[in-house]
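Participant: Given next are the chains, with one letter for each unit.
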Amino acid sequence: MTANLMFYVFTALTALGALGVVFNRNTVNAAMCFLLSLVGLAGLFVLLEAYLLAVLLVFVYAGAVVTLFLFIVMLLDVKGGRRSPFTKGTGLAATVAAALIALGLLSLYNHGRIAAALPAGPGSGSSLKGYAYQLFTTYLLPVQIVGFLLLMAMLGVIVISKRQAGTEDGK
Amino acid sequence: MNAFIMPFLPELILLLGGLVIFVITLGDSLEKRARTAAITIALALLAASVLCFGQEAVLFDGAYRIDAFSQLLKLIISAGFLAIVILGGNLPDIRPAIKPEYHLFLTLSMTGLVMLVSCVDIITLVIALELSAFPLYFLVAMRREREGQRIQMESAIKYIMFGIAANGVMLFGFSYLYGLTGTTSLPEMMVKLQPVMHTPIAIVGLTLAFCGIFYKLAIFPFHFWTPDVYQGSSNETASLIASLPKVGGVAVLVRLASLASPDNTLIPILLSALAIVSMFYGNLIALAQKDLKRLLGFSGIAHAGYALVGFVAFNQAGFASALYYITGYMVMVIACFVVICRVSRDGSNVAISELAGLHRRSPLLALTLIVGLFALAGLPPFVGFMGKLGLLTTALARGHLALVIIAVLNAAIAIYYYLRVIREAVFGDDGGDQTPIVLDRSTQALCVLLIVAIIVLGVAPSPIINAISGSLAGLNLPLPPAAVY
Chain L
21 MTANLMFYVF TALTALGALG VVFNRNTVNA AMCFLLSLVG LAGLFVLLEA YLLAVLLVFV
81 YAGAVVTLFL FIVMLLDVKG GRRSPFTKGT GLAATVAAAL IALGLLSLYN HGRIAAALPA
141 GPGSGSSLKG YAYQLFTTYL LPVQIVGFLL LMAMLGVIVI SKRQAGTEDG K
Chain S
960 MNAFIMPFLP ELILLLGGLV IFVITLGDSL EKRARTAAIT IALALLAASV LCFGQEAVLF
1020 DGAYRIDAFS QLLKLIISAG FLAIVILGGN LPDIRPAIKP EYHLFLTLSM TGLVMLVSCV
1080 DIITLVIALE LSAFPLYFLV AMRREREGQR IQMESAIKYI MFGIAANGVM LFGFSYLYGL
1140 TGTTSLPEMM VKLQPVMHTP IAIVGLTLAF CGIFYKLAIF PFHFWTPDVY QGSSNETASL
1200 IASLPKVGGV AVLVRLASLA SPDNTLIPIL LSALAIVSMF YGNLIALAQK DLKRLLGFSG
1260 IAHAGYALVG FVAFNQAGFA SALYYITGYM VMVIACFVVI CRVSRDGSNV AISELAGLHR
1320 RSPLLALTLI VGLFALAGLP PFVGFMGKLG LLTTALARGH LALVIIAVLN AAIAIYYYLR
1380 VIREAVFGDD GGDQTPIVLD RSTQALCVLL IVAIIVLGVA PSPIINAISG SLAGLNLPLP
1440 PAAVY
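Chains L and S supply the protein sequences, listed in that same order.
Just so we're aligned, residue 21 is where the first sequence starts under the numbering used here, counting upward by one.
Just so we're aligned, residue 960 is where the second sequence starts under the numbering used here, counting upward by one.
Please keep in mind that the hints were generated in silico from the structure rather than gathered at the bench.
Being a predicted model, the structure only gives us computed values, none of them experimental.
There's no promise every hint is true.
What the hints assert, rightly or not - Once the Cα atoms are required to be at most 20 Å apart in a straight line, the calculated EDC-like pairs of lysine to aspartate or glutamate come out as:
1. S:K991 with S:D1305
2. L:K149 with L:D97
3. S:K1249 with S:E1147
4. L:K182 with S:D987
5. L:K182 with S:E1113
6. L:K182 with S:E1104
7. S:K1117 with S:D1187
8. S:K991 with S:D1399
9. S:K1117 with S:E1104
10. S:K1249 with S:D1389
11. L:K149 with S:D1020
12. S:K1249 with S:D1399
Stated by the list, open to error - Derived coverage of chain S by chain L (criterion: at least 3 residues anywhere in the stretch with Cβ under 8 Å from a Cβ of chain L; other residues may be distant):
13. 1088–1095
14. 1299–1310
By construction, the Cβ of each residue, glycine as well, lies at the ideal position given by its N, Cα and C atoms.
Bound conformation, chain L alone (with noise of 0.2 Å):
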């Protein structure tokens, strides 16, 4: 019982920090609204006992995506800016959109229902064994391609950001 009515507490923690992210003008109180989303959904990993995962996700996102998104918004000195007010094409388009989600949704809750219990899956839980073994076996090409992404990306910022240092050639 406590189980469920914390997962509806985290999951509408979720949500409305997500929806805060994509409403908010300040882009200072966006990043604080991504951070109340990933604690809610840290939430939801602890309640799935994984707690690893909970602790990363904490770690690593709120502790240094969202500071350094905030050093970002900072150093750019962002303003909320207005925003265009929508023109009737986008207001029907987004009626249309919401009409069809709600009719997949209202489906989904009709006919969605699986009547058979849910497979579990590998289930490394919460160990830090499991979650490594994973990772050295069957996950290990993955692993090692992540590498090459992280290269590639880095690289990749350092080129495209020259270009703005101003060091335009044949000009």
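On the provided structure of chain L, position chain S as indicated by the hints.
Facilitator: Chain S alone, transformed into the frame defined by chain L:
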């Protein structure tokens, strides 16, 4: 040890090659050396793919499978890679200082694609998909800035935003499939998904998972980036984006589509709806284009729609004809882009009117363009015709008559704008500009090879179709094997 290295050789060559180019990027003004390295890697990759053809292995605890299917696609992709490196030439529209990085990103993107076709685990699949996509975002943004050409950043932002959104949707779909089956391995998932495949959640999950691939293929409604990215990126980058990722996309779609059982009725309806909209959208808007790259972008959307027709049939022959078609498309579109890259002055975009008098300026380029466009239009004896014929035959065999009629109608629309380009190239008024275009040896060889490939694939399609069908048979698809046409 040897049992690991041999099947994994193409990937190892690409990874090592990537590191070698990385070292080259650290030095000053080594763009020539980077290009040499890239060509060497492409040649080595092609040789390795030929050498490893027919290898069978399961690596990384079942996450990575080397089979006839993956090896065949690696061969196709490595041939395309070589063509793209040669076509790039000395990259006229990239700043000299970052040319080595361009080759590095190109190589890493190929690494992602080569790995993509072997992945049978969804986590590995997603990572490989990202490794093939992320370098492309940077390549788009690396175009030189100059007067009247500032849209590359906008294109790159559009590309990356759509890419990340589509990836997110795909991951969400995978999470449904994982929740239903409790495994990330595709073969296991295929077995466990069968009893629940008729439930809405499985269909929704699979459809969402398709979305990431639809983005790669530029299928409606994930097509918005296509024309802008083609226009905004440099000619060499556009030729890469237009050709190779689509082959990888179709390959992954084959692996994912095999998750659904063949008696499923909803997914073919969805796929045919998307195919129809993509074909009409791409072809009708292409009619009004003046920029050759934008025209190819819109026609690319239509061609992705044709390829999807093969998936509507939902049997082995359908998948085989989709793969054959997309292989042919790769060759045809590279042929068109060779012409764009060489006709363009200083790397700028090419308007259709600039092609005027091409047959006097460079007969070989004009011939390449004509063969490429005739093939794209689907005229015999070129590969585009055999590809469309195969797709339509398999769809018709499964009773999708309306879809076939619409596809034929679209092929007729497409002929108009392809012929318009050819008319401009052959009969257009060149205003006295007859400066001949000088081609280097490698471009000449590439043009000849592309023309030969387009004709040979079209005239004698049975070897490659048999190879593709044979490799599909090894995938253990839960499909009724159909007679190969």
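Participant: Regarding the pair L:K182 and S:E1113, is the alpha-carbon distance no greater than 20 Å?
Facilitator: 17 Å, holds
Participant: Hey, L:K149 versus L:D97, does the alpha-carbon distance stay inside 20 Å?
Facilitator: 44 Å, violated
Participant: Are S:K1117 and S:E1104 close enough, with their CA atoms no more than 20 Å apart?
Facilitator: Holds, at about 17 Å.
Participant: Starting from S:K1249, check that the Cα of S:D1399 is at most 20 Å away, please.
Facilitator: 28 Å, violated
Participant: Do three or more residues from the region 1088–1095 of chain S put their C-beta atoms closer than 8 Å to C-beta atoms of chain L?
Facilitator: holds (count 4)
Participant: Next pair to validate is S:K1249 with S:E1147; report whether the Cα-Cα distance is within 20 Å.
Facilitator: 49 Å, violated
Participant: Between S:K1117 and S:D1187, does the CA-CA distance stay at or below 20 Å?
Facilitator: 8 Å, holds
Participant: Quickly compare the C-alpha distance for L:K149 and S:D1020 to 20 Å and report which way the hint goes.
Facilitator: 18 Å, holds
Participant: Sort out whether S:D987 lies within 20 Å of L:K182, counting only the CA atoms.
Facilitator: Distance of about 15 Å is within 20 Å: holds.
Participant: What's the verdict on S:K991 and S:D1399, does the C-alpha distance respect the 20 Å limit or exceed it?
Facilitator: It holds: about 15 Å lies between the C-alpha atoms, which stays within 20 Å.
Participant: For the pair supplied as a hint, S:K991 and S:D1305, is the alpha-carbon distance within the 20 Å limit?
Facilitator: Since the Cα atoms of S:K991 and S:D1305 sit roughly 18 Å apart, the hinted pair holds (cutoff 20 Å).
Participant: If you count the residues of the region 1299–1310 of chain S with a beta-carbon closer than 8 Å to a beta-carbon of chain L, do you get 3 or more?
Facilitator: violated (count 0)
Checked against the numbered hints listed earlier, the structure breaks hints 2, 3, 12 and 14; every other hint is satisfied.
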